[in-house]
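J.: Chains A and B supply the protein sequences, listed in that same order. Heads up, the first sequence is in the UniProt record's numbering, so the first residue is 1 and it goes up one at a time. Heads up, the second sequence is in the UniProt record's numbering, so the first residue is 1 and it goes up one at a time.
Simulated from the structure, these hints should not be mistaken for lab results. Treat each hint with caution, since some may be false.
For identical chains, the list gives no copy identity; a pair is met inside one copy or between any two copies.
Stated by the list, open to error - DSSO-like cross-link-like pairs, simulated, lysine-lysine; straight-line CA separation at most 27 Å:
hint: 1; residue 1: Lys508; residue 2: Lys66
hint: 2; residue 1: Lys385; residue 2: Lys222
hint: 3; residue 1: Lys335; residue 2: Lys175
hint: 4; residue 1: Lys385; residue 2: Lys508
hint: 5; residue 1: Lys385; residue 2: Lys66
hint: 6; residue 1: Lys66; residue 2: Lys271
hint: 7; residue 1: Lys137; residue 2: Lys222
hint: 8; residue 1: Lys146; residue 2: Lys66
hint: 9; residue 1: Lys137; residue 2: Lys150
hint: 10; residue 1: Lys271; residue 2: Lys175
hint: 11; residue 1: Lys335; residue 2: Lys222
hint: 12; residue 1: Lys175; residue 2: Lys137
hint: 13; residue 1: Lys271; residue 2: Lys146
hint: 14; residue 1: Lys271; residue 2: Lys335
hint: 15; residue 1: Lys222; residue 2: Lys175
hint: 16; residue 1: Lys508; residue 2: Lys150
hint: 17; residue 1: Lys385; residue 2: Lys137
hint: 18; residue 1: Lys335; residue 2: Lys508
hint: 19; residue 1: Lys271; residue 2: Lys222
hint: 20; residue 1: Lys271; residue 2: Lys137
hint: 21; residue 1: Lys137; residue 2: Lys508
hint: 22; residue 1: Lys508; residue 2: Lys222
hint: 23; residue 1: Lys335; residue 2: Lys137
Since we're looking at a predicted model, the values are computed, not measured.
2 protein chains.
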Amino acid sequence: MYRAPVDEIAFTLKHVTGFAADLDSGRFGDLSEDLVDAIVAEAGRFAAEEIAPLARVGDEQGAVLKDGVVTTPPGWADLYRRWCEGGWNGLAAPEEFGGQALPTLLSVAAFEMWNSGSMAFAIGPTLTVGAIEALDKHATPELQQKYLEKLVSGEWMGTMNLTEPQAGSDLNALKARAEPVGDGTYRIFGQKIFITYGEHDFTDNIVHLVLARLPDAPAGTKGISLFLVPKFFVNDDGSLGARNDAFCASMEHKLGIHASPTCTMIYGDGKFGDTPGAVGWLIGEENRGLACMFTMMNNARLAVGMQGVGIAETAAQKALAYAQDRRQGRAAGFKGEGMSPIVAHPDIKRMLLTMKAQTQMARAITYSCAYAIDRARLGEGDEAKAWQARADILTPMAKAFSTDVGVDVASLGVQVHGGMGYIEETGAAALYRDARIAPIYEGTNGIQAIDLVMRKLPLQGGEAMAAFLNELRADHAALSDASGLGATAERLGQALDDLEETTAYLTKALSEGRVNEALCGATPYLRLFSLVIGVALNTRALAAGDRPDHAVLVRFMAENLLVETATLRQQVIGGADSLDAAADALLSA
Amino acid sequence: MYRAPVDEIAFTLKHVTGFAADLDSGRFGDLSEDLVDAIVAEAGRFAAEEIAPLARVGDEQGAVLKDGVVTTPPGWADLYRRWCEGGWNGLAAPEEFGGQALPTLLSVAAFEMWNSGSMAFAIGPTLTVGAIEALDKHATPELQQKYLEKLVSGEWMGTMNLTEPQAGSDLNALKARAEPVGDGTYRIFGQKIFITYGEHDFTDNIVHLVLARLPDAPAGTKGISLFLVPKFFVNDDGSLGARNDAFCASMEHKLGIHASPTCTMIYGDGKFGDTPGAVGWLIGEENRGLACMFTMMNNARLAVGMQGVGIAETAAQKALAYAQDRRQGRAAGFKGEGMSPIVAHPDIKRMLLTMKAQTQMARAITYSCAYAIDRARLGEGDEAKAWQARADILTPMAKAFSTDVGVDVASLGVQVHGGMGYIEETGAAALYRDARIAPIYEGTNGIQAIDLVMRKLPLQGGEAMAAFLNELRADHAALSDASGLGATAERLGQALDDLEETTAYLTKALSEGRVNEALCGATPYLRLFSLVIGVALNTRALAAGDRPDHAVLVRFMAENLLVETATLRQQVIGGADSLDAAADALLSA
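Modelling step: build the complete structure from the supplied sequences, incorporating the hints.
T.: As structure tokens, then:
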């Protein structure tokens, strides 16, 4: 059913970001446009022909926990093996450990497609990528030597263990503890919940990264350390030893992504081994675990954004195919025989185009974020800092806007299918269920908005934001000369006014200590900002030659979606007083 | 968990509509305010204490089909029996057949609460109410005598059989056929899909109302007739006879409302009886079945609107309770010990208030629609016509806006719960699944928007709309003097400008034959209109005394939600060109 949109993806990669020029100039070494196209095409083939066909059995049968053993759905372990054999797990991993060290941008594009094939599948490798990054940046050479090669090849998978029942969004409340043994190892005790792929049958070993507190650690997040806790110990020759004292005690019964095992993990319960405690090795410095985790988490946020884009693309394709096939009624101006395909009805057109346009806006934002990460890594000095700041600003929007788009587009997809959309066999409903977690995990979308307002607006004393706004004004100026785009330039200009006005408003509120007032506007501000860049970034590709379909989509974005900024501006600037007053009167316990 | 909001419901009943004054003046006979309050309270008690506790088992176990027999979840048949014993089934039914003939307004309020308890439960009686109405208005006295009393008591239930695989939104394509036998009966042949409570174990008999074509019928919807087809024949003494040739061949595996059996019904397949064909009796005139069905469908649309309100209310309550209990982080200005309850965070406040405000807006619209239906029934001459026109205008908004609210609020409810929202045990996810069907059935929300623009705007040569707009202007004028409401009057004024401008724009487009252009704006227009009346109708209750909580909620609606009209106006007036251009380029098969 899913057809990988390799043309749109390659076009966005190359022309929405500055990647095409970089390939010409050799900024990414000998990576060529042909190679990029070939990788995108091959990833697309694998996603469409290998992953997507197993999505339904994954949803229907789900992962099953029995006697501490998790069995993934029929065909899934073999799918994972073939995916690793294709070399996909190490796409952006360091060459030193067997990876291909390709740009984050390419990895992100590939993850869009894995997620389109099946989000429940792609989320496993997403976690492994995070673990590789954390070990590569922060682990000792000995640990790297022992674990990284097999994580990069995919022979083992990695997990992230943050959440505890009382500590979700707020890691201050973390209780898991780690006791130093004195031989360089630690004994870990505690319970972690919502651990994605915490236990499974894809690989022989699982490498858990676990946040825990040392006995003498300061309170709060400054007293959290990061540990590597393997499911099985690894002997010096690389073979597997005894079982560590970590196990999956239960698995959640979730709304969606049924094939992805969401585990409650128990560390140091005495189920395995003779000495109390799961054995762990410190990653990075003591009490600096959160910093290590944040390296991973930022990229994980972008990765979750790709879940939104991937789900939205699949939902949009599915709805379009149904609307072209299903016939009901006779649309005004329909020339054919009998009933029209429902795609001929204006309301269905509006839904389908909204789906397509939102997906492409989210794609532009996430790819641009990945590109900024690559440029920060490749650059030096102030240039690198400027690109890092750009990535920092884009990350909360890449995560929150894209995952909201995932839910909205999946919901529209159900609607386009009519009654059939509500029947599970059709598959539209599964996307609606799967999509719903992405706005929640890896920092809720509300937390992304707080991050944008509280941490990103003030970056570099506000200069990072000012530079971005200037660039967006230049996009608008370039557009003003373009013809055939209807009111696109005018709408973008108005939306930029809205963005500048709200940015100034929030900046002033923060500088005057009116934090609550600023936070009341955080969510509508993030959406406003995202809409503006979702359109502006896409306009950058207008000059890239023969794509009238892109131009017409950009115009639809501007005239039908970007106009939402008029509302959002009022919510940011005029919403806080009534919000506070109503909350005081209506929400107290 | 669910607590019936009897105060809000009684307040809305009495003071948002004109009902309180009517009770004083005796317009509704000897119905008193005390009696109204008592009925609301008792319905609320039943919904909260009897229905709601069975919602979860209904979702988890669902209805089960085996060998043609449908078994509802444990406890459900008994729940239905107790509900009927309470007299709830006949609340608004004619006294002649054992009903209480209470206003539609009260019935609608009760249905809000049944739906809050469990939408999968309430939808069964919703269909019976429709069948009672159709028989009461259109059936012969003999049929009425035989069937109505038991339908009113709830001893039997009714169904509506419209949809066939090729005929969903478009009933022109209907194929089921009816052959006259010559003795006043007909033989029915055909397959019907998506038949809600088409088979079950609540009652001994089921009364199917079935649309089918006579052999000589004209093509299209002018050749459709309505038939009564009982599951079991009814003897003259009221006892049940042989089984009719109608049965449930399969049941859908749906996203939600699992306890509600959605059946494929086969008529005249020869499974039961000796002579081919299910035996049916004509309701109303031959070839006039759609007119009979439309009587039911309009009220069914309002009834589906109540599903939206009911689900939204439950989701809002559930999220608020969770947010008051769950502690994470420390909100700015929080004075307590340790972590704040998450309700103290501005972003959570925004979500909870949006949920509460949208629910109350939908409640005001649906109750006002029910009130207009009552006034049309009680009134005479021009007054009755004016109220009927008001009900006609309100119906598509009562259906579409409220069911969109149901989905949006349920989705926000999942979000407020964070990771717990994605776990089925919490119950928030079930509401998100249940809510999703309501924008689809009984005429998709897109069809409601078409109905509003194509049929309702031109009602009475546009006079009905003009009268409504005048009334809304008067609401605004009354508000301009009110204090303590922030920018409410200003926002409502702007929104009214948007409504008037878009109404004029669409009216002109239609009068000039630009139908496609008008239809491109239909969905945003319906929403714009709904937002305006959702606020304006609620302002009517501001004068009703000591409810500062209502005033503060109205202000939140105006300053944070009503501002969406600025966007919707642009979509209606400036959206069609780019929509057409993009559809031509991107959506062709």
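J.: Hints first: check each against the structure and report whether it holds.
T.: Here is what the structure says about each hint:
Taking the shortest alpha-carbon separations for lysine 508 and lysine 66, neither the intra-copy value of 56 Å nor the inter-copy value of 66 Å comes in at or below 27 Å. For the homomeric pair lysine 385 and lysine 222, the shortest alpha-carbon distance inside one copy (25 Å) is at most 27 Å, but the shortest distance between copies (71 Å) is not. Taking CA atoms no more than 27 Å apart as the test, lysine 335 paired with lysine 175 passes between copies only; the shortest distance there is 24 Å, against 68 Å inside one copy. Proximity of lysine 385 to lysine 508 under the C-alpha cut-off of 27 Å is restricted to the intra-copy arrangement: shortest distance 25 Å within a copy versus 56 Å between copies.
For the homomeric pair lysine 385 and lysine 66, neither the shortest alpha-carbon distance inside one copy (49 Å) nor that between copies (66 Å) is at most 27 Å. Taking the shortest Cα distances, lysine 66 and lysine 271 sit within 27 Å of each other inside one copy (16 Å), while across copies they are farther apart (44 Å). Proximity of lysine 137 to lysine 222 under the C-alpha cut-off of 27 Å is restricted to the intra-copy arrangement: shortest distance 19 Å within a copy versus 73 Å between copies. In the homo-oligomer, the alpha carbons of lysine 146 and lysine 66 never lie at most 27 Å apart, since the shortest distance is 30 Å inside one protomer and 56 Å across protomers.
With identical chains, the CA atoms of lysine 137 and lysine 150 are at most 27 Å apart within one copy only, with a shortest distance of 16 Å there and 75 Å across copies. Proximity of lysine 271 and lysine 175 under a CA criterion of 27 Å is satisfied intra-copy only: 20 Å inside one chain copy versus 65 Å between copies. Taking the closest pair of Cα atoms, lysine 335 and lysine 222 come within 27 Å of each other only across two copies (23 Å); inside a single copy the shortest separation is 69 Å, beyond that limit. For the identical chains of this complex, lysine 175 and lysine 137 are intra-copy neighbours only, at 25 Å inside a copy versus 67 Å across copies, given an alpha-carbon limit of 27 Å.
For a Cα distance limit of 27 Å, the shortest separation of lysine 271 from lysine 146 inside one copy, 25 Å, qualifies, whereas the shortest one across copies, 69 Å, does not. Taking identical chains as interchangeable, the C-alpha atoms of lysine 271 and lysine 335 are never at most 27 Å apart, the minima being 71 Å within one chain and 43 Å between chains. Taking identical chains as interchangeable, the C-alpha atoms of lysine 222 and lysine 175 lie at most 27 Å apart only when both belong to the same chain, with a minimum of 13 Å there against 71 Å between chains. Proximity of lysine 508 and lysine 150 under a CA criterion of 27 Å is satisfied in neither setting, with 50 Å inside one chain copy and 68 Å between copies.
In this homomeric assembly, lysine 385 and lysine 137 come within 27 Å of each other (Cα to Cα) only inside a single copy, at 18 Å, whereas the closest approach across copies is 75 Å. Taking the closest pair of Cα atoms, lysine 335 and lysine 508 come within 27 Å of each other only across two copies (25 Å); inside a single copy the shortest separation is 58 Å, beyond that limit. Taking the shortest alpha-carbon separations for lysine 271 and lysine 222, neither the intra-copy value of 31 Å nor the inter-copy value of 73 Å comes in at or below 27 Å. Proximity of lysine 271 and lysine 137 under a CA criterion of 27 Å is satisfied in neither setting, with 32 Å inside one chain copy and 71 Å between copies.
When the C-alpha separation of lysine 137 and lysine 508 is checked against a cutoff of 27 Å, the pair qualifies neither within a copy, at 37 Å, nor between copies, at 65 Å. For the identical chains of this complex, lysine 508 and lysine 222 are neighbours neither inside a copy (30 Å) nor across copies (65 Å), given an alpha-carbon limit of 27 Å. Neither within a single protomer nor between protomers do lysine 335 and lysine 137 lie at most 27 Å apart by alpha-carbon distance, with minima of 62 Å and 40 Å respectively.
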